[in-house]
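Undergrad: Sequences listed follow chains A and B, in order.
Residues in the first sequence are numbered consecutively from 1, following UniProt numbering.
Residues in the second sequence are numbered consecutively from 1, following UniProt numbering.
Just so you know, these hints were derived from the structure itself, not from any lab.
Remember, it's a predicted structure, so these values are computed and weren't measured experimentally.
Wrong hints could be hidden among the right ones.
[What the hints assert, rightly or not] Selected chain B positions facing chain A (in silico; Cβ < 7 Å):
#	residue
1	Glu-43
2	Lys-47
3	Asn-57
4	Lys-65
5	Ser-196
6	Ile-208
7	Trp-216
8	Asn-218
9	His-223
10	Gly-225
11	His-229
12	Ile-234
13	Thr-250
14	Leu-253
[Claimed, not checked] Covered stretches of chain A, as calculated for chain B (at least 3 residues, CB under 8 Å):
#	segment
15	29–42
16	184–198
17	249–261
[As the list claims (entries may be wrong)] For each label pair, taking beta carbons as the anchor points, the in silico distance ranges come out as:
#	chain 1	residue 1	chain 2	residue 2	range
18	A	Lys-94	B	Asp-275	30 to 36 Å
19	B	Gln-9	A	Ala-17	32 to 38 Å
20	A	Pro-312	B	Asp-158	53 to 59 Å
21	B	Ser-283	A	Lys-79	32 to 38 Å
22	A	Gln-5	B	Val-270	46 to 52 Å
The C-beta atom is built at its ideal place from N, Cα and C for all residues, glycine as well.
There are 2 protein chains.
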Amino acid sequence: MDIKQIIEQITADKKEAGGIKQVYYAACGGSYGAFYPAKTFLEKEAKDIKVGLYNSNEFVHNTPKAFGENSVLVVASHKGNTPETVKAAELGKKAGVPVIALTWIEDSPITEYADYVVKYSFGENKDIAGEKTVQALMTAVEILKQTEGYENYDKFMDGVSRIDRIVKQACKHVANRALTFARKHKDDSVIYTMASGAGYGAAYMESICIFMEMQWINSASIHSGEYFHGPFEITDAEIPFVIQVSEGSTRALDERALSFLNRYAKRVEVLDAKDLGLSTIDSSVVDYFNHSLFNNVYPVYNQALAVEREHPLTTRRYMWKVEY
Amino acid sequence: MDIKQIIEQITADKKEAGGIKQVYYAACGGSYGAFYPAKTFLEKEAKDIKVGLYNSNEFVHNTPKAFGENSVLVVASHKGNTPETVKAAELGKKAGVPVIALTWIEDSPITEYADYVVKYSFGENKDIAGEKTVQALMTAVEILKQTEGYENYDKFMDGVSRIDRIVKQACKHVANRALTFARKHKDDSVIYTMASGAGYGAAYMESICIFMEMQWINSASIHSGEYFHGPFEITDAEIPFVIQVSEGSTRALDERALSFLNRYAKRVEVLDAKDLGLSTIDSSVVDYFNHSLFNNVYPVYNQALAVEREHPLTTRRYMWKVEY
Chain A
1 MDIKQIIEQI TADKKEAGGI KQVYYAACGG SYGAFYPAKT FLEKEAKDIK VGLYNSNEFV
61 HNTPKAFGEN SVLVVASHKG NTPETVKAAE LGKKAGVPVI ALTWIEDSPI TEYADYVVKY
121 SFGENKDIAG EKTVQALMTA VEILKQTEGY ENYDKFMDGV SRIDRIVKQA CKHVANRALT
181 FARKHKDDSV IYTMASGAGY GAAYMESICI FMEMQWINSA SIHSGEYFHG PFEITDAEIP
241 FVIQVSEGST RALDERALSF LNRYAKRVEV LDAKDLGLST IDSSVVDYFN HSLFNNVYPV
301 YNQALAVERE HPLTTRRYMW KVEY
Chain B
1 MDIKQIIEQI TADKKEAGGI KQVYYAACGG SYGAFYPAKT FLEKEAKDIK VGLYNSNEFV
61 HNTPKAFGEN SVLVVASHKG NTPETVKAAE LGKKAGVPVI ALTWIEDSPI TEYADYVVKY
121 SFGENKDIAG EKTVQALMTA VEILKQTEGY ENYDKFMDGV SRIDRIVKQA CKHVANRALT
181 FARKHKDDSV IYTMASGAGY GAAYMESICI FMEMQWINSA SIHSGEYFHG PFEITDAEIP
241 FVIQVSEGST RALDERALSF LNRYAKRVEV LDAKDLGLST IDSSVVDYFN HSLFNNVYPV
301 YNQALAVERE HPLTTRRYMW KVEY
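So that you can see chain A by itself, here it is in the shape it has in the complex (with noise of 0.2 Å):
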């Protein structure tokens, strides 16, 4: 069953009941900011159904009390093992809600809970437009057009058709640029990711799983428009940024704090979606695939990274290793 498939089903299933009203995205970590677009889509598109996106652990301790007959949960884990995910999971089957997993193995701890099992593409020369980010816009942008009607559908879809040749020219594009970075970056103890938008996910993945994470190094996600109003104060030439500067209605967010890291900061590191060759894509839907590029594009820089620093993105200290 495809999505479009899945999310009929539900909503034939829902229709006595009333529909669907209410759609909870539920995951951790990198799986949390793969959500971002999804989420970011139902706030900006739809006129009534209420989106959240949540922390796996919130959500179970923090359930929404509109959580039942009319919701669904989508729940992401990459190898179905993530065991707050998979007690959301757990939580959706018990109320009845109809649970969506997006894994990448699907005979994992959380296909039990699940509804629906969606396996999504991972791994070297992956179809980008395969990947979980993508597949979890599709739930949302299915979901919309199947209750409320959305108008730019076919424009959505024309762009998923293309976004798989655009992330992999930029990733070429790139290839030079990343390996300066890595040089001039590699003995850094902050780097600070900057973005706005459908795509500050990726900017907040970055962040948290790469730097932190994989290579811990301090870092933190500022929000574009949020800059201005703290964070740029830590601003100097010695501190380090890498900047999103999206495509789409957030554009000019990101470029005035360009504008601003390129007159008091000295170390700043553009990711241009234009000039990434984002604008192939319809003006009308293009916010939402801002996080597949910038996502896919981040791990030319992070391998360049560890190879600089010596540092494989696969160390870890904790994670795996220790009881948490």
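The hints should help you fit chain B onto chain A, whose structure is shown.
TA: This is chain B only, laid out in the frame that chain A set:
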């Protein structure tokens, strides 16, 4: 007009159009953080009402499509002159959406676009129940009560009546700890905050408005549930954390993070809502008072830190000084 009356008026005005269906909170920096409990309240307690919390500039550039005849916009600006927030209010006014402006200065630019102005308490010996955070929460509580109904309304109001005394007692309680904290952290270049649930906004504010803005110390506010999915790898004997152990639904998340910190970190400052007296508020509503407690206890630490570091909290290099 008090907030109850404001919401009664808006509800009456919207009756024919179908009532209030979406509530948007838009602000920047500290005011954005102050809206976090209100957003969390409606996200958790409301069945049908959509709620969104936006940085003002994001709201202006990325306005949700539902924003219109069934919406309410709540904005906050301390001096009423934050340009992005004034623009957000203007957007609301032009769209015919009722705008409630929370500000400390009643005769300020934002009031031009506000249908309702709420002046909140601020400064030495302010009434905590009259503060921006609680006033914002009251908009959420009244909207829920007057639309879907809110069964814990009386308990919530009882909490409002208690919070001032709890906070003032808690501030005395941490006075000595704050001095010790300041001495121990005066030379730190990074300090993390950690939190979960409705009180997370207080950790965000401490991180961006105090450590980054007012002390030029690197920082990030880590969600206690997300900590184990990336950020915890940064933990070692040297990195300092300030953790909010909340009272209410997500306490288990904070306790789990604290337990990990107690094993692998050596420099941890614990703000425990139980220890600070929040438990006298009913458990059905206590979640929403964590922010007011932590957000008002932090200043005791901040004052001490500023003195110890000889870096007054008023020091800025960019804010209000250069064009941005």
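Undergrad: Against this structure, judge whether each hint is valid.
TA: Hint by hint, here is what the structure shows:
At a threshold of 7 Å, the smallest CB-CB gap from Glu-43 of chain B to chain A is about 6 Å, leaving the interface hint in force. Look at Lys-47 of chain B: its Cβ gets to within about 4 Å of chain A, closer than 7 Å, so that hint holds up. Satisfaction of the interface hint for Asn-57 of chain B is found here, the shortest Cβ-Cβ separation to chain A being roughly 4 Å, below the 7 Å cut-off. Taken as an interface hint, Lys-65 of chain B checks out: its beta carbon lies about 6 Å from the nearest beta carbon of chain A, inside 7 Å.
Checking Ser-196 of chain B against chain A by beta carbon gives a least distance of about 6 Å; that is within 7 Å, so the hint holds. Interface restraint check: Ile-208 of chain B against chain A, minimum CB-CB distance 4 Å, threshold 7 Å, status holds. Taken as an interface hint, Trp-216 of chain B checks out: its beta carbon lies about 6 Å from the nearest beta carbon of chain A, inside 7 Å. At about 5 Å, the closest approach between the beta carbon of Asn-218 of chain B and any beta carbon in chain A falls short of 7 Å, and the interface hint on this residue holds.
For His-223 of chain B, the interface hint holds, the least distance from its beta-carbon to any beta-carbon of chain A being 6 Å, beneath 7 Å. Interface hint at Gly-225 of chain B: satisfied, since its Cβ lies 4 Å from the closest Cβ of chain A, which is below the 7 Å cut-off. Among the interface hints, the one on His-229 of chain B holds; its C-beta lies about 3 Å from the nearest C-beta in chain A, closer than the 7 Å criterion. For Ile-234 of chain B, the interface hint holds, the least distance from its beta-carbon to any beta-carbon of chain A being 5 Å, beneath 7 Å.
The beta carbon of Thr-250 of chain B is positioned within 7 Å of a beta carbon in chain A (closest approach about 5 Å), and the interface hint is therefore held. Hint status for Leu-253 of chain B: holds, given a least beta-carbon distance of 5 Å to chain A, under 7 Å. Residues of the segment 29–42 of chain A with a Cβ under 8 Å from some Cβ of chain B number 3, which satisfies the need for three, so the listed coverage holds. Beta-carbon proximity to chain B at under 8 Å applies to 4 residues in the segment 184–198 of chain A; the threshold of 3 is reached and the given coverage holds.
Figure legend: the segment 249–261 of chain A, annotated as covered by chain B; annotation consistent (6 residues with Cβ-Cβ distances under 8 Å, at least 3 required). Under the hint 30 to 36 Å, the C-beta atoms of Lys-94 of chain A and Asp-275 of chain B, about 34 Å apart, fit the expected range. Restraint check, Gln-9 of chain B to Ala-17 of chain A: a C-beta distance of roughly 34 Å satisfies the suggested window 32 to 38 Å. With their beta carbons about 55 Å apart, Pro-312 of chain A and Asp-158 of chain B fall inside the hinted range of 53 to 59 Å.
Distance hint check for Ser-283 of chain B and Lys-79 of chain A: the Cβ-Cβ separation is about 36 Å, which falls inside the suggested range of 32 to 38 Å. Between Gln-5 of chain A and Val-270 of chain B the beta carbons are some 50 Å apart, a value that agrees with the proposed interval 46 to 52 Å.
Comparing the model with each earlier hint shows no violations; every hint is respected.
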